[in-house]
Each structure stands twice: as structure tokens, then as C-alpha cells.
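Asker: Next come the chains, spelled out residue by residue.
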Amino acid sequence: MNPGDFLLSAGILGGVGLGFALLIALAHRRFYVWEDPRLEAVSQMLPGNNCGACGFPGCRGFAEELVTGKTSPATCTVMSADQREEVAELMGVEVGTAALRVARLLCAGGRDEAVRRAEYVGLQTCAAAAAVSAGGRGCTWGCLGLGDCARVCIFDAIWMSDNGLPVVEPELCTACGDCVEACPKDLFILMPAEQNLLVQCRNLLDGEPATDVCRVACNTCRRCEADAPGLITIRDGLAVIDYDRYDLASPAAAARCPTGAIVWLEGRQFPEASIQLEKAAS
Amino acid sequence: MPSLWHTFRHGVHPPDHKELTASVPIRRLPFPAEIVLPLRQHAGKPARPIVREGDRVERGDTVAEADGQFSAPIHASAAGRVAAIEFWPHPEGVHAPAIRIEVERYSPQALRPRIIPEWEGLTREELIAAVRESGVVGLGGAAFPAHIKLSPPPECPIDTLVVNGCECEPYLTTDHRTMVEYPDRVQLGIRIMLSCLGAKRAVVGIERNKPDAIAAITRTLPADLDVSVLDLRVKYPQGAEKLLIQTVLGRQVPSGKLPMHVGVVVQNVASLATIAEVFETGLPLIERIVTVTGRGIRNPGNLIVPVGTKLRDLLDACGGFTSDAREVVFGGPMMGVAQADLDVPITKGTTGVIVLSEDECKTQQSWACIRCGHCLDACPVFLNPQILGSLAKAGRFEEMNAHHLADCMLCGSCTYVCPSNIPLSQLFVAAKAQVRKLKVA
Chain D
1 MNPGDFLLSA GILGGVGLGF ALLIALAHRR FYVWEDPRLE AVSQMLPGNN
51 CGACGFPGCR GFAEELVTGK TSPATCTVMS ADQREEVAEL MGVEVGTAAL
101 RVARLLCAGG RDEAVRRAEY VGLQTCAAAA AVSAGGRGCT WGCLGLGDCA
151 RVCIFDAIWM SDNGLPVVEP ELCTACGDCV EACPKDLFIL MPAEQNLLVQ
201 CRNLLDGEPA TDVCRVACNT CRRCEADAPG LITIRDGLAV IDYDRYDLAS
251 PAAAARCPTG AIVWLEGRQF PEASIQLEKA AS
Chain U
1 MPSLWHTFRH GVHPPDHKEL TASVPIRRLP FPAEIVLPLR QHAGKPARPI
51 VREGDRVERG DTVAEADGQF SAPIHASAAG RVAAIEFWPH PEGVHAPAIR
101 IEVERYSPQA LRPRIIPEWE GLTREELIAA VRESGVVGLG GAAFPAHIKL
151 SPPPECPIDT LVVNGCECEP YLTTDHRTMV EYPDRVQLGI RIMLSCLGAK
201 RAVVGIERNK PDAIAAITRT LPADLDVSVL DLRVKYPQGA EKLLIQTVLG
251 RQVPSGKLPM HVGVVVQNVA SLATIAEVFE TGLPLIERIV TVTGRGIRNP
301 GNLIVPVGTK LRDLLDACGG FTSDAREVVF GGPMMGVAQA DLDVPITKGT
351 TGVIVLSEDE CKTQQSWACI RCGHCLDACP VFLNPQILGS LAKAGRFEEM
401 NAHHLADCML CGSCTYVCPS NIPLSQLFVA AKAQVRKLKV A
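Just so you know, the sequences run in chain order D and U. Residue numbers are given in the working numbering: position 164 of the first sequence equals residue 164, and the series is strictly consecutive. Residue numbers are given in the working numbering: position 131 of the second sequence equals residue 131, and the series is strictly consecutive.
The shape of chain U in the complex, shown without the other chains (with noise of 0.2 Å):
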């Protein structure tokens, strides 16, 4: 169903550079020597260590339990022995506390056999207990717990499940080989998920730039459920939820609301593969796929990657760097953030790894606000960077929430279309930050 007027206002269209990996099939990372599993690695509070130093683990086995209900709990991607529970970088650019795991070599990695009951003699409540056990978080970045999307409270009924396979991001190729190689999963996740909610539609939306994807989902669509796919036109940030929504089904979202609240709940693909492998073969979420690009890596490609991986593993197994890698980012290059050390585990949020060689990342001099407006022609949630940005240059931050701060997504819209490369986005990542500090406060 090819549509024209399904599409959502401002935003920006960058330049792609998907080429580098969007016909690269996946293949898989070979067992690291070592991982490494934070225990915070989604939305919510950091999961609770239940193994101690020394105790042998199996592949898949629990090693810390989920704190309360909004929470996962974290599973062991490699067998192996617990060396140690410690401080350890984190992507987000702290030290946070870790379980590190000297990865048994020799090991076959065989899954302990877990009984893996026939999804659909389940009632919802074991459904969704399955997938809270499984530690399934949302792939999509954001690493939002998905038993939590799978049991919206009884006030809200859903009525649709918007499947997200836009991935808006320039370079990342995650969804977009998940949609081409695994579509069965995904129609199955979609299918485990509309019985979870009782919903009665789905609608996948898919970018344009992606046809094999669409035609691989298309291929697949079943005949019993009400299921479409929408190909979108290519626009960034369309793959944020909100935005996903207006665009899909025409439904806005009030400022504070979530989609539950207009009928909706948004899921990426990926992470519907991911619950539809929990069913299929009884594995919790211990591995996902990476994107590996840019043009500072030697071999760019998709991988299938133990979480908890280290990223000087995973950058040796794609034939290191190029003689000009200049920065890596995780995440998409709009949004994803630069690390400074090699040691960082690849966590359940973790989409892509980007190497950016010295001509991708130029980094200009900032100039002082010409006042053009392009900002406000590209905030997707028609806020206005201008005045924010320097309310934010002058610490102004009370009155940067009466222009509405909570609402932007930090997508860098507005950064990437500012003539005077000024760092707006940088400024309201910093400007939360003192917010939620001064709340605190």
C-alpha cells in the first residue's frame, strides 16, 4: 500500500550511508574470551546480582534477577566462571557496577535444556511471564522492558500494535537484515504480541529504502490476521514512536502520554524476533544483532553478538580499524554517543557500533545564532531550538521547561540543519542533566 499522505510534519532527510551493510547478511561473532554484563542495561532499575565470584555458569542461566517490576533481569550469553562483580565502563560513559564472566573455552555453549512450552497453550498472564523471565527488552535503543508494552493497565485498551521497522538512522542496517532474514520471527513475535494484548491490527511501517525488507515482510504476511505494511517515505525521526504513530495511523500523542494512552503500542522488529525466538527455542535475550560500520572499520557488517561482548572484540572480528578511524559511536550517528574506551560491554541496547573515519566526523567551528529558523522548520515535535539553545547557553533552565525541554527526544534535528553548527542537542542533553539534578536537589 503505497501512500502519500502517510507521513508526519519536519524533520530532516540525511544522507544514509546504508550501503555499507544493508546487503551484508548476518553472520556470528565467534564466543569472546570474556564478557561482561552490566546490570543496568534497560530502562528501569539495574538488575540484581544472584551469582557470587567463582560460581560456573551455563549459557542462558540467570545471573541477575530483575529488581522489582519495572526492571529485566540479565541472563549469561557465554558458558563460563564468574571472575568477578565490579565497576566497569559503561556506554553510557560511567563506571557502573558489572558481572564479569571468564568465558570457558572448548565449551560447546550448548544451552542448558530449558522446556520450551508450545506458546500458544499459554494464557497471557504465562506469555507475558515468559518474556519477563527472558529479559526481553525493547532492540530498538531505548531498551525499554517489553512485558511492561505487553501488559498496558485495563483503563487502556489497545486497539493496534504498530510494528517499527523504519530504522531512520543513517547507517544502521540491524532491523532492516532482521526484516530480510528472519521475517517469520517477526510475523510470529507480531502474532504472540496481538494475543498478548488483544489487539485485533498491526501495521507494519516500513521505509522505502528498504524494498527487500518490505518484500520479505509482504511474503510473509498471514492470512488469518489483520496485518499490513505501509511503506513510508524516507524521513528521520521517523522511527520514534510517537512520531511512528502520527505517521502510521494519523494519532497524536499528548505531551506526557504515552502510546498506550491513544490505543497504541509500538515494538521494533527486531525485538519482536527476539520474543518470538524465546518461544521457538527457549532462549533469553543473550545475543542480538550489531550493526559494524562506518568507514573507519576494515569489514562492515552485521553480527550476531553475545551481549556483554567487549567492543575491542567485536572491532577485531570486523578487521579493526582503518588507518583514519577517528571515532566510535554507539548507536545511530543522530543519536548514538562517542566512547572513549574499548573495553565497553555491547548491551542489550546497543543497535550499532559506528567507526567514523577522519572525513565522516569534521569537526567545524560553532558560529553565533544567525536567527533563520531552520531549527524550528525541522523539530519534529515543533518545539524552538533557537530560544532554547540559548536559554541553555545562559543556564536558564526553569524557564527552558516552560518552553517545553521535557518534550524533545534529543533526536539532533535541529542540530543537523544549523548553518552555524551550533551543538543544540549537546546543549539539551547537558540541560536535562542540571534539570533532573536540580529536582533532585
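Next comes chain D alone, as it looks inside the complex (with noise of 0.2 Å):
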């Protein structure tokens, strides 16, 4: 082979390259999209979990909006204090306020409660044995406890008790909706932390065949409504909280309750699976 041959070669791939970097380089000019480079800062600041609990699409549709001055750091429930102190800072406006939320089971019928009509033995999941006869349950209604929301829970909010009920760790939900979406009961409400008194029921029955098939149902007494005149209404075979009225709401309400299906919750809901976290520590 002579060297002509070789430096030929060379030259021509090196005149395309070449050519071709030009090109690159007159595209990037002619087809520049100006980004605010805060963008990028505070993408690299956001958690990056995608959970959707702002209402954006994602981190990066949080960033976007965030930019644009159309929403505040305080809206992203994810990061701590600090972190929305930080990205406040970046972008050099207020933290702004936003309520504080969690998720919240509309049941309290765990193993020791509801009636179990007969076994399930299928496919170890609610959406799955919803499907078959309410996977046995009693109340049809109620929370079929085979976990689909924990399985779902990328923060590791929830687990699953003894009593085979999810329990949410009110500091580690971040509210995004993920168990709200996954529970084929839709036993699931994002809820204001500041508000207390939960009605912790979905069943629809009246009196005693409500209790028969759960020991915590709403059984439609109306002791809730005479106590608090206002703020519970039985509706449609339930008690139901109309929170636009919620400076009427005490304790009280939920110690009138004869079954047990409205709480007055303060922290976690079911606070008897507590002691199970305690067996498991010590």
C-alpha cells in the first residue's frame, strides 16, 4: 500500500468530519432555545422521585413551573425545610405555604374486626381479589388488606399491620396520591394533617347488619349528629363530616361513637398497631 493512499483516505474522513461539525456547530447557533439556567440548579435540588404529589408532571414539570414564578418551593411536600429554605433562596422568593396532607384509610375493619365469609386463596393482591366475592370479606366495602398500597408506596410510608390494615407514617407521606390511586376499594383520601376527626367507614349498610359484618362500622346511630349539630350528617347510610364546618369538630364527636368508626386521630391512624412496632424494636 503507498502512503498516498492512506493520507487520501485520511483527508476525506477527515473533510467529512469535518464538514459535518460545521454543520452541528451552525445548527446549535441557528436553532439555540434559550433555558433558564436556574432550571437546571433547581432540577439537581428537588428529590427527583417523580411522585406527582404538586400536581406537576414529574420533578422537572415542578421545576418548570417553579421558574416561571407560577407555583411555590413550599408546594413540593417531599423535600424538608431546609430544602424549600435552599431552593427559596436560588430562586429568591418566599417558601409560601402550602397544607400539609396524608393519607388517611377510610376503614378501621382489620383481621379483628370484619367478618371474614369465607377463605380467598388466589392471587395475593386486592385488585386481584376484589375481583372474587370481595376476597371473602363480610363488608364489601371494606379494605381487603393484602397491601396493593404498600407495594405501590415509593416513600415507605405505609405498612402493612398485624391486623392486616395499612398503616401510613404521618412524617413519611408525602401525600402523592400513588395508595389513592392503587386501592381498588378507594379506600384512600389525602387529607389536611391539622384535621382530626375522621369518619373511618365506607360501609353502606344500616343498624345491626352493618356491625354484623364489622365490629367498627358506622351503624347510622346518629349519636354524631346530635352531638354535633352541623358538622355530621348521616348521609346514604353514613356519617358524614362536612369539613367546610370543621371549627365545630372535638373530640367529643369521636368519643360518642358507640362502634368506633369515627376517631379523633393525633399522628398515626390505628395507634394499636404501635405496639407491634414496639415488639419489633425491643
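Hints were generated in silico from the structure; no laboratory data involved. Every residue gets a Cβ at the ideal spot worked out from N, C-alpha and C, and that includes glycine.
Distance windows between CB atoms, simulated:
1. D:Val-115 <-> U:Gly-54: 25 to 31 Å
2. D:Tyr-243 <-> U:Gly-263: 52 to 58 Å
3. U:Glu-398 <-> D:Asp-156: 21 to 27 Å
Covered stretches of chain U, going by a simulated chain D footprint (3 or more residues, C-beta under 8 Å):
4. 90-101
5. 337-346
6. 430-436
Got two chains here, each in a separate frame; can you build the complex from them with the hints?
Answerer: Below you can see the structure in the form of C-alpha cells.
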């Protein structure tokens, strides 16, 4: 092979490369899109879970809204208070306020409380059991206890108690709503953490038929209605709290409930499950 | 007309176990002490109750009217007093609103005299209205309101009525006994339906494992109409309407379309017999034939059951459970739903009650997928259950839609052949429910 061939091929390749490089350089100039440099910086500071609790499509979507000033750093409930401060400092805005919300379960019928009509031996997920006679549960509105919510929670904020109920850790919950979507019985709601009064039942049966299937069901006895007029009303076989009139709420309403369907929550739901935690720790 | 070429591709051959009840004549169940009529017994919107607590109703009275066009009314299946309208366990596994009627003891249970016009003198609209007011729905299981099938839109001319006598689900013999014992009613049903649809031709598809049914229907074929009987190879799920059209006529119903889009209406033989009964006796759909079978019941049989009879009463009339009864299923063993409560009522769509014994329902451990591809060879609608199954386990529902989850009819063929015992169809049931929920949300 003579050296001329070698040089020629190197020259051609080099020339073609140079030509394309020039094209790319021109295209870069021509199609340049200016991006707020803060966007990249903010994106780096966000948690990156893409949980969607803020209501925007992922952390990047939130960062874009943040940079344009359409939302405040406080809307991200996953970041710690310090991290929010840092983001606010970078952006030169106020941290803002957002009501802290947590996921609450509208059922308290665990293994000890709810009646089972039949044994379920199929696929061990709530979604599958819901299609087969509610997994044999006496109350077909209630929690199936197979932990679909605990599996989808990316923050490990939900664990299944020995009683077969999901326990939400209020400190870890970011109110992203994944459990709300996962529950085939629609038992999860996201409610402000400062509200303590909750009807943890979805059973629409009245009176004895209700308590026949679950010890802690709302049996529409109307005691709560009499005790806190305007705040709690019985609607379609269930006590309903009017959260617009929440200023009337007090632990008394929960104390009046004979079955335990209405509770006054402080911190974790199902406090009896805490015993299990203590046991595990010791 | 024996046929070798009339079939569809894929499908499975489960043992049919029809020997338990195939030769047991239909008998009538005595009226129970109480009947429960759920307001939702058909595809479409639930009916609206028009009676109140304490009202007296005669047998055959309308107790709930159709809520809109895509719905069906419900009639009292026995004379008595309305005890309550309340939530009651429903075969679908929820509590649903139902009308509970205390049946009058020592009542002759006579029908309130109804004027039964000769059907031949009625116009098409009057015929359809009579069927609608009688609350007739498809009795093959899906409970699709019959009057909707009778009134296809004008842009879909119907040329053929396909009569479904396959009964491909194992164990069930409801349609089989209907054809053997009431072939004339089936023929009258075909006649009425053809005149409503303006179709020229009817083909009755019956699987070859029911020779007495084929003989009975062939014997009663009318001379003045183009009705023929086709004996089909035994294969599951031949009774699915789109597959039956493929088998009988060689036409394919496109995905997302209905049989009427290819000029066909499919109706089950039991529904046709009921339509005929409406014009013969004036009886609305207040009773249906139910197969009670399985090795967990003492006296399996085929019974005429008032709609709304509680499962408990029906099982008692069949001698009760044997000592090794384990599971009660509504419908066939392939697509049926296990029941958790003996208080659930028999509805219009309940084709059979199967009580499985210990050794009929061994629960087996499920293993990992070995990618053998048996499920692909079994799927009658040519889906890939293996991919769908792994997507369902991972909760990737949108991708499942891209793999045509909507075309899956949950026939269970993939689950039946899976050597790893993966509960594929149950995964798909759950996935479909989740997809529906996410779309609503």
C-alpha cells in the first residue's frame, strides 16, 4: 500500500467530519433555545422521586413551574424544610405555604374487627381479590388487607399491621396519591394533617346488618349527628363530616361513637398497631 | 351437516364433566320463603324501583322499570310483600341495592291475567316493546338486554341470525336441556327474532357432544324458513359470540366492533326460548333454568328457578353440600366467579351453580413464567398473554392497552394451559378494573 492512499482516506474522512462539525455548529447557533439556568440548578435540588404530589408531571415539570413563578417551593411536600429554604433562596422567592396533607384509610376493619365469609386462595393482591367476592370479606366496602397500597408507596410510608390494615406514617407520607390510585376499594383519601376528625368507614349498611359484618362499622345510630349538629350528618347510611364547618370539631364526637367508626386522630392512624412496632424494636 | 372446516383457531379442550347433569330432566324449584331481586341484573344501567316497602306484588308484576334505553325492567318472581329495598350481597362480590320480597305462603302463585296478543299480528316495534317490557336479557351469562339486539340501527342490515347452542363451558347443561326439552320454543324464538331483524337466514351452532340436542333441533326445523343446524367440533371458547361467527360463517368481527357490524346477531338458545315464552304464556323473565352441578352437591340437576332465589335455598333443594364441598362458583368453571356468601340471589345471568369438591379445585403453587408460549397458542383472539401477564404484575397498565388488553374476553384459556399455574386471567381481571378506574379518575 502506498502512503498516498493512506493520506487520501484520512483526508476524506477528516474532511467529511469537519463538514458535519460545521453543520452541527451552525445548527446549534440557528436552533438555540434559551433555558433559564436556574431550571437545571433547581432540578438538581429537587428530590427526583417524580411522585406527582405537587400536581405537576414529575420533578422537572415542577421545576419549570417554579422558575416561571407559578408555584411556590412549599408545594413540594417531599423536601425537608431546609431544602425548601435553599430552593427559595436560589430562586429569590418566599417559601410559601401549603397545607400538609396525609393519606388516611377510610376503613378500620382489620382481621380482628371484620367478619370473613369465606377463605380466599387466589392471587394475593387487593386488585385480584376485589374481583372475587371481595376476597371473602363480610363487608364488601372494606379494606382487603393484601397490601397493594404498601407495595406502590415509593416512600415506604405504608406498612401492613398484624391486624391486616395499612398503617400510614404521617412523617413519611408526602400525599402523592399513589395509594389512592392503587386501592381497588377507593379507601384512601388525602386530608389536611391538622384535621383530626375522621369517619373511618365506607359501609353503607344500616344498623345491625352493618355491625354484623364489622365491629367498627358506622351503624348510623345518629349519636354523632345529635352531638355536633351541622358538623356531622348521616347521608346514605354513613356519617359524613362537613369539613367546611370543621371549627365545630372536637374529640367529643369521636367519644360518642359507640362502634369506633369515628375517631380523633393524633399522628398515626390505628395507634394499636404501634404496639407491634415497639415489639419489633425490642 | 357435519363440518370439518367450520372452526376457529386456537382455544382449548378442557374435560367437559357434563355427564353429571346432561341427562337429568329439568325440574321446578318450589317457591322459596323470600326472594331478593338486585336492581342490576343486566348489562347497562340498573333498573329503578317503582314499588315501596310494604307493597303487595303479584307474580309477574313490574317492581323496577328500565332506566333508559340500555337497561331492563325487573319483575316479581313470586307473589308477596315488599319487605325492604336495601343493600344485599350481589354475585359480583359487592353489596348492591335490591328489592327483598317476602313470598306469600299458600299462594297459588298465579300470573295476573295478561293480554297475550298473537305475535304474528304485531308490528316490529310492538314486538320489540313487548320483549323490552318483559325484561328479557341474554341468558348465556353476559345478560345483554335482548331488545337492543332485536333493534339494530338501520345502517347495519342483518342478514343472518346465529343461534348459540354451543355451551362450551364445562359442567353447564342449561342450554343443552333447553334444546332437548323445549325445541319448539327455540324454533318459535328464532321465528320471532328473524321477523324482527328482517334477516333471511338462521344457523344454529351446537357442539357435537350434545347429539340429543342436535337431533331435537333438527327434528323441529321449520319447513318455511331458512334455518339450519351446524354440528361443531367441541372446543372452548366456541360460545363466545365473535368466535362463533367466525366458526359458523367464516366472518371476522373487527376489534372494538359488534356482530351487527358484519350483519350478524348472535342469540343464545335459552334467551330465544324465553322470548318465545313471553308470547306463549305472557310470562316475563321471572324464572330461568339453572344447572346445579359439581361433585360437592348431593343431587346435581337442572332446575327452573325463580329469579331472586337465594343460593342457600337452591342448594338445599339439591340435597345440600357433600362432606368435601369446597367452593361455590356462579357460571362455568372457566369464567365463573367464586361466591363468598350463601345469601346471594340467582340473577337473570346465572347460568349455573357449580359446587366444587376438594379434589376438583386443587389450588396449586404458581411458578415463574418459563416462556414456553403455550398461552399464545391457546389465546383465541391472538393476544400475547405472557407479555400481558408480566406487564400486569409490574402494574404497567398503559402498555397493556397497547398490547390490546381490551380485546381480552377473560375466557381463561391461557390460565388453563399455563404449566407454571400463573393466574393470568385473574391478573387481567384486576388490570381491566384498574384501567377503568384510571380512565375515570
